[in-house]
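Given the structure of chain A, go ahead and fit chain B onto it with the hints provided.
Protein chains in written order, with the UniProt record's numbering: chain A, 1 to 551; chain B, 1 to 551.
These are calculated hints, taken from the structure and not from any lab test. Some hints could be false.
For chains that are exact copies, the list does not tell them apart, and a pair is met inside one copy or across any two.
[Claimed, not checked] Pairs of lysine to aspartate or glutamate residues, derived as EDC-like cross-links and limited to a Cα-Cα distance of at most 16 Å, are as follows:
| no. | residue 1 | residue 2 |
| --- | --- | --- |
| 1 | Lys196 | Asp346 |
| 2 | Lys257 | Glu88 |
| 3 | Lys430 | Glu416 |
| 4 | Lys127 | Asp390 |
| 5 | Lys64 | Asp390 |
| 6 | Lys409 | Asp436 |
| 7 | Lys257 | Glu126 |
| 8 | Lys130 | Asp296 |
| 9 | Lys146 | Asp170 |
| 10 | Lys430 | Asp468 |
| 11 | Lys308 | Glu371 |
There are 2 protein chains.
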Amino acid sequence: MRRAKMGFFFFTSRAAARFLDGIGRPGVSTAALLLTAASGGGLVAYADSAGGSAPEPSQDAPKKKVLVLGTGWAGTSFLKDLDCSRYEVKVISPRNYFAFTPLLPSVTCGTVEARSIVEPIRRMFEKKNKDVTFYEAECFKIDASKKTVHCRSAVGTNLDGNGDFMLDYDYLVVALGATVNTFNTPGVLEHCYFLKEVEDAQKIRRGVIDCFEKASLPNISEEEKRKTLHFVVIGGGPTGVEFAAELHDFLVEDLVKLYPAIQEFVKITIIQSGEHILNMFDVRIASFAEEKFQRDGIEVGTGFRVVKVSDDSITMKRKSVGEEVSVPYGMAIWSAGIGTRPVIMDFMQQIGQTNRRALATNEWLRVRECEGVYAIGDCATVSQRKIMDDISMVFKMADKDNSGILTLKEINDVLEDICLRYPQVELYMKSMHMLDIADLIRGAIGDSHKESMVVDIEEFKKALCHVDSQVKSAPATAQVAAQQGHYLAECFNKMEKCKENPEGPLRMTGGYKHLGQFAPLGGEQAAAELPGDWVSMGHSTQWLWYSVYAR
Amino acid sequence: MRRAKMGFFFFTSRAAARFLDGIGRPGVSTAALLLTAASGGGLVAYADSAGGSAPEPSQDAPKKKVLVLGTGWAGTSFLKDLDCSRYEVKVISPRNYFAFTPLLPSVTCGTVEARSIVEPIRRMFEKKNKDVTFYEAECFKIDASKKTVHCRSAVGTNLDGNGDFMLDYDYLVVALGATVNTFNTPGVLEHCYFLKEVEDAQKIRRGVIDCFEKASLPNISEEEKRKTLHFVVIGGGPTGVEFAAELHDFLVEDLVKLYPAIQEFVKITIIQSGEHILNMFDVRIASFAEEKFQRDGIEVGTGFRVVKVSDDSITMKRKSVGEEVSVPYGMAIWSAGIGTRPVIMDFMQQIGQTNRRALATNEWLRVRECEGVYAIGDCATVSQRKIMDDISMVFKMADKDNSGILTLKEINDVLEDICLRYPQVELYMKSMHMLDIADLIRGAIGDSHKESMVVDIEEFKKALCHVDSQVKSAPATAQVAAQQGHYLAECFNKMEKCKENPEGPLRMTGGYKHLGQFAPLGGEQAAAELPGDWVSMGHSTQWLWYSVYAR
Chain A
1 MRRAKMGFFF FTSRAAARFL DGIGRPGVST AALLLTAASG GGLVAYADSA GGSAPEPSQD
61 APKKKVLVLG TGWAGTSFLK DLDCSRYEVK VISPRNYFAF TPLLPSVTCG TVEARSIVEP
121 IRRMFEKKNK DVTFYEAECF KIDASKKTVH CRSAVGTNLD GNGDFMLDYD YLVVALGATV
181 NTFNTPGVLE HCYFLKEVED AQKIRRGVID CFEKASLPNI SEEEKRKTLH FVVIGGGPTG
241 VEFAAELHDF LVEDLVKLYP AIQEFVKITI IQSGEHILNM FDVRIASFAE EKFQRDGIEV
301 GTGFRVVKVS DDSITMKRKS VGEEVSVPYG MAIWSAGIGT RPVIMDFMQQ IGQTNRRALA
361 TNEWLRVREC EGVYAIGDCA TVSQRKIMDD ISMVFKMADK DNSGILTLKE INDVLEDICL
421 RYPQVELYMK SMHMLDIADL IRGAIGDSHK ESMVVDIEEF KKALCHVDSQ VKSAPATAQV
481 AAQQGHYLAE CFNKMEKCKE NPEGPLRMTG GYKHLGQFAP LGGEQAAAEL PGDWVSMGHS
541 TQWLWYSVYA R
Chain B
1 MRRAKMGFFF FTSRAAARFL DGIGRPGVST AALLLTAASG GGLVAYADSA GGSAPEPSQD
61 APKKKVLVLG TGWAGTSFLK DLDCSRYEVK VISPRNYFAF TPLLPSVTCG TVEARSIVEP
121 IRRMFEKKNK DVTFYEAECF KIDASKKTVH CRSAVGTNLD GNGDFMLDYD YLVVALGATV
181 NTFNTPGVLE HCYFLKEVED AQKIRRGVID CFEKASLPNI SEEEKRKTLH FVVIGGGPTG
241 VEFAAELHDF LVEDLVKLYP AIQEFVKITI IQSGEHILNM FDVRIASFAE EKFQRDGIEV
301 GTGFRVVKVS DDSITMKRKS VGEEVSVPYG MAIWSAGIGT RPVIMDFMQQ IGQTNRRALA
361 TNEWLRVREC EGVYAIGDCA TVSQRKIMDD ISMVFKMADK DNSGILTLKE INDVLEDICL
421 RYPQVELYMK SMHMLDIADL IRGAIGDSHK ESMVVDIEEF KKALCHVDSQ VKSAPATAQV
481 AAQQGHYLAE CFNKMEKCKE NPEGPLRMTG GYKHLGQFAP LGGEQAAAEL PGDWVSMGHS
541 TQWLWYSVYA R
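Chain A with its partners taken away, still in its complex shape (with noise of 0.2 Å):
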């Protein structure tokens, strides 16, 4: 078990390095079509030349200012994408590294190095012989209106103040992330441990020793040695079950050897106040899960919501019947979702965007409203744009021959422009077993021939009409984050090309290219869900996941 998990380990570093160094590759998975959207309304496509064959900025023009806000996955990812010789580029975050946090967890119970999951950003840049500045501060304050930032250091003051400093651009990368939300529940922050920053992942590490060594202790009752040792995990998302999972494989192969006689004390709970753990994957995951928590003896309380954390007990409701109780813990982590950044929030009020999780995006990250400013990862939200709404527009782009009348051969020529640019066509058409476009107009105007299957505007209308409920906001997870910082990279390298195209290129419409969400249950055992709906269920899965990251 331990040499499969060093295997694992040097793997997943490797892939890890892979990903540092594979992102922004030229062309790599740049789709060979782009659309842009000109002002009319009208569609251009255009082969995709990779950035490389863009004109170079004139010497003379001074450099546009980009100015990216955080270092996560969204940042990172579009500092690694940009053509930084084509702006003035500088960065502001409170971490000079980046994380590789799906490896968090890994890092909470030592199978994984804290060192070896991050990396510092100036090395990244050097690395890359890239031209950028770095600032090790925190933005507190964005001001749309003066097109600047108010900024903190994180390391002390400088002797003319407070260390406060304010900087300008033209363009603005809001990549800052989310933060904890304890949804407002009493004692959260003080008691519990959470699982954001690689500070957490070593704190929860130290906490989990401590445990031990207090139940270790002389003089300890056993009602206080099986409180010590109850680990409770409050959220049953990926990354809680994945920290239980890890706790579990921990205490197995290592813990119990050193502490033999508490062995029998250690118990790991998760509550989740949904029915199921991982309730946004399939159910199968779900169910793979719970099951094989069963057999590893980590209790599963679904149905749960905590209501108040003390310095010794979590109180939580049944949400059937309302009934409280309260457990007895020593350690709880605090998986249960994000929250809202105040720098966030602030900027959201100046801009009329009020309750608001996120920054809303257009489907070009552009924050609506907000001229040069762009946002991406856990912190944004971008917008689909409906098809009921440009359907006029769609028909007359497919209608090639102005005939009013669409055949299955001209909807089929820009079908693929079209699910790029409105991605929940495809979902919908999955979502109902429909093999092809046919499938979906057959089942508005009724069957008939196929190869003389024509429709009107408003039968094309009627065929589309309920294609826009599967409109679905991306997930907050690492993946999503990475692709919109590449993605907007892209955008900026092109910047040059599509000035008549404002907006920047059609495609990003929320059409991530779903890589696949996965979560590990340790022991070797992982489910993932892929893409092509396909349930894999095994050890295997863990390393083809981490290969998504990798590319």
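Frame of chain A, contents of chain B only:
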């Protein structure tokens, strides 16, 4: 350079692993001849059988309780070599790991990972199948009159009280080490970094990077950059010198590439109160180090005593003229000496050992006037017995034929035993450049034929009367601590056998095998002081030094 460093790293890791595993293999470095003192004062020699042939303790008699305080070099070395089946062994330490402290300066700069230099104590026991109880707690009071110690858990309180507990013992091994000595210099505790614990090294690593990030911020004046990037090491002993050398390598090899814009502002200074750095070594080593540092641009300020540290400047007094100077700094590392832990201070008070820096033990490491209590490592000093106090006994032992006169052959027959018991004899002869004992005798009684040289008791006294001037206390080093732990474990392992000699074997009178001391200078160069007064200068000595620990 990087590659060479890696090679070095792997070597030292292996060396550390060998140290961690290798200590305590029975008989590996046990002398073949031990002497035991009978109460009458006569000497009994017997062959050491490496503990293996000593009689097993009776199954019926309850095992004696051995309590070990501390898991540093001394305590860990004792535990590794102790035959734990003979005793009921309990260990108290606030740290549940052993740290290979000679590599701490390397941790500060990332040459070596913190985790590579620590070994969990429980894993150590598990590996060696030792039945030892470990409590992660701090001993805050030793009560020798009641044979108990009072401890406090470092990981919180228990349900019933404040987490304090009490343990009793038959034998107590005090291996609590020393603490940082600030000599009550104002501002040191608040503003300086230290290099004593693993956490200290990690803090320094983060602190160095913070200085570079701070100096990289916008709106920072040149003056402030220079201040922020001024690294001051206070104390020119091996630790301070090694840290300065590591830091210099780190700057030259790594940081300069990552922070090219500010490299011209970086400066390292060592402040030393004596006239030379490394003044505990041969003067050639000090000169070598000073010349190397000069070439590297590291400023060495000797003859300065630091009198105050504020948040942005260090005030020091030039010892020769008394004038005070202040230097602005960004980071200060205090490495100027070791002090006494409060619990040791309190214990010394109880047993009447006042106004001392460390516990006084007799030659068998037993705390003077304190039955059943032993002290090893930096918290103890061994009082070397003077040969002149025992001169009649020594004469009588050598005078096999009771003639009242010693021949050279009679002296040579017991010379090895004498030198073991009174290592100052050998040190004295060496310092006087004497080749053998005949030179010593001849110096006292005047020249004569070697073969017929004989001495009576008065002439014997005269020959040896200056020898005790060479009594030296062992330095507070990891090496000495480990050797003391090893020695004491051997004593405990054969305690049954030595019951008739309650003071244990005669050997161990401060006569540590002097394995050489070492001060790495970075840049693959190192200077070592090796046994036989041989001075080596160059890059291979670093390896040699680590092999001392690796045995």
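Verification of the supplied hints:
1. When the C-alpha separation of Lys196 and Asp346 is checked against a cutoff of 16 Å, the pair qualifies neither within a copy, at 22 Å, nor between copies, at 45 Å.
2. Taking the shortest Cα distances, Lys257 and Glu88 never come within 16 Å of each other, neither inside one copy (56 Å) nor across copies (20 Å).
3. With identical chains, the CA atoms of Lys430 and Glu416 are at most 16 Å apart within one copy only, with a shortest distance of 15 Å there and 91 Å across copies.
4. Proximity of Lys127 to Asp390 under the C-alpha cut-off of 16 Å is found in neither arrangement, the shortest distances being 45 Å within a copy and 70 Å between copies.
5. In this assembly of identical chains, the alpha carbons of Lys64 and Asp390 never lie at most 16 Å apart, being 33 Å within a copy and 88 Å across copies at closest.
6. For a Cα distance limit of 16 Å, the shortest separation of Lys409 from Asp436 inside one copy, 12 Å, qualifies, whereas the shortest one across copies, 109 Å, does not.
7. Taking the shortest Cα distances, Lys257 and Glu126 sit within 16 Å of each other only across copies (7 Å), while inside one copy they are farther apart (44 Å).
8. With identical chains, the CA atoms of Lys130 and Asp296 are never at most 16 Å apart, being 48 Å at best within one copy and 30 Å at best between copies.
9. In this assembly of identical chains, Lys146 and Asp170 lie within 16 Å of each other by CA distance solely inside one copy; the values are 10 Å within and 76 Å between copies.
10. Taking identical chains as interchangeable, the C-alpha atoms of Lys430 and Asp468 lie at most 16 Å apart only when both belong to the same chain, with a minimum of 13 Å there against 95 Å between chains.
11. In this assembly of identical chains, Lys308 and Glu371 lie within 16 Å of each other by CA distance neither inside one copy nor across copies; the values are 43 Å within and 54 Å between.
Hint compliance for this structure: hints 1, 2, 4, 5, 8 and 11 are broken, all remaining hints hold.
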